[in-house]
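A.B. asks: Two chains, two frames, a set of hints: combine them into the complex.
So the sequences go chain by chain: A and B. Note that this note's numbering gives residue 113 to position 113 of the first sequence, counting from 1, and the numbers run on in steps of one. Note that this note's numbering gives residue 224 to position 224 of the second sequence, counting from 1, and the numbers run on in steps of one.
Since the hints were made in silico from the structure, they are not lab data.
From the structure, some residues in chain B lie toward chain A, with a derived Cβ separation under 10 Å: (1) Glu132; (2) Glu140; (3) Thr187; (4) Asn220; (5) Asp221; (6) Gly224; (7) Arg227.
Think of the CB as a built atom: it goes at the ideal place given N, C-alpha and C, for glycine as much as any other residue.
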Amino acid sequence: MSVSIPAPRSQRIDPKYKRGPKSRGSFEMLAWLFMRLSGVVLIVLIFGHLISNLMVGEGISGISFGFVAGKWASPLWQFWDLAMLWLAMLHGTNGVRTIINDYAEKHATRAWLKGILYVATIFIIVLGSLVIFTFDPCVAGSQLPQC
Amino acid sequence: MSTELPEPPSKIDLKPGVGGGGEIPSFDITLRVRRYLPEATADAYWEDFKLTMYGTDRVLDALHKVKWEQDGSLSFRRSCAHGVCGSDAMRINGRNRLACKTLLKDLDTSKPITVEAIKGLPLEKDLIVDMEPFFQSYREIMPFLISKGHEPTKERYQSAEDREIFDDTTKCILCAACTSSCPVFWTDGQYFGPAAIVNAHRFIFDSRDDAGDMRLEILNDKEGVWRCRTTFNCTEACPRGIQVTKAIAEVKQAILARTV
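With the rest of the complex left out, here is chain B (with noise of 0.2 Å):
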């Protein structure tokens, strides 16, 4: 018969306070959201969820718990859910933010936390808007590089500081948070929009790119940089910290370098 082995120290004991991050905090809230429904109602609506969240949990969190557990008919947009595609931009509290990148500790928890679609382009359902108005600037402005002369055989060559020019706005993940906050944007959708302006700066100021001249002149329009009103809407939505109104000032005074 084997012996009773004592058996081996499984748990060890700390002190209190020592090691682990402690039960992390949980509260309750009510998220506030705007609901369109097309094929049921022709007015969209507040609906109210009340949830329990957990202190490193964002609204995107908090919006698939509602969609899992709650209500799935709700739709809204992510695909990396961490800040980089872009695909969750939406009016939090009112301000354009991305749900993924926005902590629900950070908001007002003893008040409805609002999240509705971004406003400007047409709604499609609940948190879903149609992008193609967007895009359609963004086409436009001619994001892609073009140049002249020959095809270098091996990279083009850039300096750190040419580079440096246009380091601001290559960050733009076209969530369209900034074109969407835009006042001049609301009225009629017919302005370029921050994020085309941005995009096309990020070519405009590429030493490896020709076609500054192209695009200085498609921003020329009358619906084009000349209508920014500096409002800094599109600075403060940017989930990328992206200098939009900086960007459109620097175009603007190199439309008006070419020019005068």
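So that you can see chain A by itself, here it is in the shape it has in the complex (with noise of 0.2 Å):
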């Protein structure tokens, strides 16, 4: 069996090694720099939601229907749980993203993990946007004071 091995420095180059066309503009960077951002706020809105929702008053016992009714009657925790939807559900995809890169192989099984991934980001934050702007506690036998 013999087996041919081009000479050396002839710049020959394993065509796995060939890089792709240079990318244009900074998607990288400004993904490395949301991902920073977004951990950082989160912290706060996810630590505010769980204190919230878990510590203050009757604390876990306390959730219920009426209670996220309640909560969403009021402006700041529509803002403060759409935010947390978005941001969570970009920096969660973000970085699934990222692994999906750094350990699928093959061109295709990238693209299909990727496409999958951005079909179920974008089908939970419309659905959860939704929930949170077209919400109604008035549901059939409800028995809260406001129906």
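C.D. replies: Shown next as structure tokens:
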């Protein structure tokens, strides 16, 4: 069995290592920056959320449909939850995107995984935003006082 | 007839414990080398060599002993054998090290010492890999002085403080221990890799160089500094003790400061 080994310093390079065309713009830089900034904001948002839901007042036993309805009557909590939803989803999606980029070896695998990821992200963000904005506490048979 | 002269004292008896280094301790080791012979077998395999080595020996000496006394087909790269040329980076007990700077006595000699080629680059034979992709990335960041304006008649002045900024990254010997320890580089070999970024850093922060912006633009690529996950494998692997991850972070900040 003979193997042909190309001459050294012939500048031939394994095609696997040929870098694709140069990327335009600064998307990767902005994504990197976003991860750091959203991470800091999320610490405040998530701990605020946990403290207000689980530790203040009746604590965990006080959580019910009525409790959520009461919270979303205030624009502050609507904004809080919306910000948390968007930042957490985009932060998490970008994290998984980098993991896919790091671990998927084939272009096709990478494209498929990222495609599924983006569809799932958009679905959850749209659904969550709709729930926050179109929430109606007065469902049939509701015993809340404002209905 | 000449009289018998007493023999001059050629040997002076020293008191025990005075002078001399004494006997160098020797010990038996098992060197487990990852062999790859493309002419003979399709796959790489482990081969054990039993050796008696001394306390002053390095992994490179053990490899020499195998090559010179047991199996001449063992192939590896080495030039200066003193930690300067950067030829003999290899994976010793799972860590990227220079074989010429790793003393056997510092390793666990009770277990086999594993030696394999650095990962992430195409394997050619035994411990030899194709370094071309590594040097390709190095060339892309333009590792040479680019200056605008008139050439000074004498030297290009630089203050000691300005020199200090990039002092750490001037130490690189291009051994590829960092790049081939980087898990992001292992994935697809597209990432520029720590060594290219370290050498870009050396010119980006050089006050005499005028092409810093060009290099930052090159490293702002999707395969550039933003693929660094700060796992610190590179810093741990560097035989010159360069703070590689720190240098990458400084390049990231320079790109950010330039754009934002």
